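Student: Okay, here's what each chain looks like letter by letter:
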Amino acid sequence: MTVTSVEKDPVALTLTITSELAAPVDRAWQLWTDPRQLERWWGPPTYPATFVDHDLSPGARVSYFMTGPSGDKAYGYWDVVAVDPPHRLEVRDGFADDSGEPTDTPGPGVMIVTLTETADGAGTVMVIESQFPSAAEMEQLLAMGQEEGMVAALSQIEAILADTA
Amino acid sequence: MVVGSDPQADRLFHALADATRRDIVRHALGAEHSVSSLARRYPVSFAAVQKHVAVLEGAGLVTKRRHGREQLVTADVHAIRRAARLLDELEQLWRDRIGRIEDLLAADHPTETQRAGDPR
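Going down the list, the protein sequences come from chains G and X.
The opening residue of the first sequence carries number 196 in my numbering; numbering runs sequentially from there.
The opening residue of the second sequence carries number 191 in my numbering; numbering runs sequentially from there.
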């Protein structure tokens, strides 16, 4: 397991999850900057994500949707607040309607991604800090990936391995 | 489709956007506190703390009861538990994502496993 620490504050509604990835920082940064790579891990196999607009410049809006098992679509966006390649990305993330207009009440959440080299220089410490604006928002996020199961995750792993072989 | 917004929950957690109010909730979680004893904890007036407590009460996060001349404040454990449960699920969502990231990174070196088992 690469997750090394998890901090949760149910009063402030924050989640900070730290993991160690077996790849250099530049490689790990591509997980966020290349929309085709993002699509392979952002949504579960049963709720894959499609990134429609993906520009990580401050002020730009990244928009995506996730497609559920019955063809239903859930739309989300990130408003890019700050970028410091390949180390830090800060966005306001929220939900949108099918035309991409934000639908959040009371407002978007905050997600900050930080990538730093591990002590041996071979890997990357990835810290994801999320701040949720409300319990309703947290429930909505969870609804966007609910169908996930072990079987589905395994099938996706096999698919990834198969097409790199 | 996704779950809609919940005005009560929005009010509830919006009340927690303030650091002093969050601190009040943390203190009131374990035991009852009087408004005046809470007021002594912060460098603000009694009236300001009273106002914070009123916002928290309006959001359903704390309840207040009279005891003689004192007003005693307790945090609503149920609301905090709901948030804690949601955070647990979000933790799982991120653990799953990180699992998929690992697999994706491992696929950068598809021959490594074969090499390890290669007798040459």
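To be clear, the hints were calculated from the coordinates, so they are not data collected in a lab.
Some hints here could point you the wrong way.
[What the hints assert, rightly or not] Here are the computed lysine to aspartate or glutamate pairs in the EDC-like style, where the Cα-Cα straight-line distance is at most 16 Å:
(1) G:Lys203 with X:Glu281
(2) X:Lys241 with X:Asp213
(3) G:Lys203 with X:Glu279
(4) X:Lys241 with X:Asp208
[Claimed, not checked] Chain G stretches covered by chain X per the calculated footprint, using a threshold of three residues with CB under 8 Å from any CB of chain X:
(5) 221-232
(6) 235-248
(7) 283-293
(8) 321-331
Predicted model only: the values in this text are computed from it and were never measured.
Just so it is clear, CB atoms sit at the ideal spot from N, CA and C, and this is done for glycine as well.
Student: Could you run down the list of hints and mark each one as holding or not?
Tutor: Verification of the hints:
The hinted pair formed by Lys203 of chain G and Glu281 of chain X meets the criterion: a straight-line CA distance of about 9 Å does not exceed 16 Å. Taking the CA atoms of Lys241 of chain X and Asp213 of chain X, the gap is near 14 Å; set against the 16 Å cutoff, the hint holds. A hinted pair counts as satisfied when its Cα atoms are at most 16 Å apart, and Lys203 of chain G with Glu279 of chain X qualifies at roughly 11 Å. With a CA separation close to 12 Å, the supplied pair Lys241 of chain X and Asp208 of chain X stays within the 16 Å bound.
Counting residues of the region 221-232 of chain G whose beta carbon lies closer than 8 Å to any beta carbon of chain X gives 4, which meets the minimum of three for the stated coverage. Check result for the region 235-248 of chain G against chain X: holds, 4 residues qualifying (beta carbon to beta carbon below 8 Å, three or more required). Figure legend: the region 283-293 of chain G, annotated as covered by chain X; annotation inconsistent (1 residues with Cβ-Cβ distances under 8 Å, at least 3 required). Counting residues of the region 321-331 of chain G whose beta carbon lies closer than 8 Å to any beta carbon of chain X gives 8, which reaches the threshold of three, so the coverage claim holds.
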